[in-house]
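2 protein chains.
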Amino acid sequence: MALRSEDHVHQFEAHLNDVIPGHSIDCVILGYHDNELKVLLLRRKGQDLWSLPGGFIRKSEDLDTAATRILEERTGLGSIFLQQFYTFGGQDRRSVSSKSEIAMLNNMLKQYPFKEPDKVSAFLRDRFITTGYFALVQLNKVSPQPDFMSSQCEWKSLKALPELILDHSHILQKAIAHVQTQLNYLPIGLSLLSKKFTMQDLQNLYEVLLNRSLDRGNFQRKMLALNILKRHEKQLTGKAHKAPYLYSFDVPRYNEKLKKGIGFSF
Amino acid sequence: MALRSEDHVHQFEAHLNDVIPGHSIDCVILGYHDNELKVLLLRRKGQDLWSLPGGFIRKSEDLDTAATRILEERTGLGSIFLQQFYTFGGQDRRSVSSKSEIAMLNNMLKQYPFKEPDKVSAFLRDRFITTGYFALVQLNKVSPQPDFMSSQCEWKSLKALPELILDHSHILQKAIAHVQTQLNYLPIGLSLLSKKFTMQDLQNLYEVLLNRSLDRGNFQRKMLALNILKRHEKQLTGKAHKAPYLYSFDVPRYNEKLKKGIGFSF
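So the protein sequences, as listed, match chains A and B.
If you count by the numbering used here, then the first sequence holds residues 16 to 281, one letter each, in order.
If you count by the numbering used here, then the second sequence holds residues 16 to 281, one letter each, in order.
Incorrect hints may appear among the rest.
Since the list gives no way to pick one copy over another, a pair counts as held whenever it fits inside one copy or between any two copies.
What the hints assert, rightly or not - Below are the DSBU-like pairs computed for lysine-lysine, each with C-alpha atoms no more than 35 angstroms apart in a straight line:
1) K60 to K272
2) K249 to K211
3) K245 to K272
4) K156 to K210
5) K125 to K189
Simulated from the structure, these hints should not be mistaken for laboratory data.
Please take these sequences and the hints and turn them into a complete structure.
Written out as structure tokens, the structure is:
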């Protein structure tokens, strides 16, 4: 909790008085790059521990509104599609629980001009139920900024994750599992690929999400049968006849199909 | 809140001191009978309003444990498969909010020997975030009992629902929508049908869940291709040759398929 100024401390304390105790929100922001799924993580200042972007819910806020605000405040990402996926409520879910952690927290609190440090301590030491939200974003369109509690904000490959705080690793796994079972109801390709892509790009994405390889012929046949792709003419260059076709999504049709599930069986 | 005895009142008050404020659980228990989907509802004593079975989370309980306990306490249903589906957190989500409701609550509280009626009132008037759980059960296997707050506990057809309290109607719709998008990952037939059934029974169930008709030939072909059904020999009675085949599930195979999704496209 490296607070920058006295104002900041008072702002933070006022915020804690304004939010619901015992309930937080954590966001799993997924992107796709170089055939890898990546997640946006924040590194705690002064620690070699990373966390999902998260925060608290104002008394005057809906859960969804809070999730959007938290994501924007903590990463600079505005107006992206966030969807709730699960609420985590283990009885021992506390970010500060051991004697040494409590001592460390209270020590830190003394260094800052909090008006009621005991109250802040009690709030932060409480059991927290947390609701998980996830988003699928085009990685190259965002330039995330660390917030005041974090020294870094980075995309990390799911294949090489750093150590995460608390149960954040479990929350992340649950988000991935949710996306996997909801593939037919989520705008996977539209959210994660750039505007134009090859059939191979699309297949790679599904293979990464499903964590297994798919038959190329079957994939192409089924995907084309959905009637949600537009095929673009090849550019007239010397090598063009060897280049694969580029596709983009027919967005209205795609969205229409998603309503009932695109019915794609893998 | 028709409490039966002084003991009961003290027990209820002690319970409120033992649970997390501002967070509740509501259970959507779905059954299937006579080609209709039904939901288990409780009727509030002295009111013509119905509610989902719900309750609070003990400080010492995981969210999942609380859901199981609440369901058992409020309906008599033990050891059934409950799954979390969504958390509802509108900022105005309060069961007691208008001036007249608050007056009615405080009036009621005065009639019972609460030790700290103001505290009970504050607890019950708070904003509540609620986590929804759903279950699929064989309707004829359960004989639900109303609890002390309820005068009736009944299966109600989704086609003819009574008026529900708060946002319970929205919670119910959200549960149905969740089941619809998770059909390939839920033991639908195994949970809702009796042990033996005809292909038509199975198709009817899916048609009711999806709320649309399915092609008979396609359904049978795809269902058999899944290799999760056992066909039983017809009984040697006079009419047997006209009777449809009876099936049951090959449970280990069914469960194995469910892990990756049964890949059934409707």
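Results for each hint:
1. K60 to K272: Answer is neither: 44 angstroms inside a copy and 45 angstroms across each miss the 35 angstroms cutoff.
2. K249 to K211: within (12 angstroms within a copy, 57 angstroms between copies)
3. K245 to K272: Close inside one copy (15 angstroms) and across copies (34 angstroms); limit 35 angstroms.
4. K156 to K210: This pair counts as within: shortest intra-copy Cα distance 12 angstroms, inter-copy 53 angstroms.
5. K125 to K189: Answer is neither; intra-copy 37 angstroms and inter-copy 46 angstroms both fail.
Taken one by one, the earlier hints fail for this structure at numbers 1 and 5, listed in ascending order.
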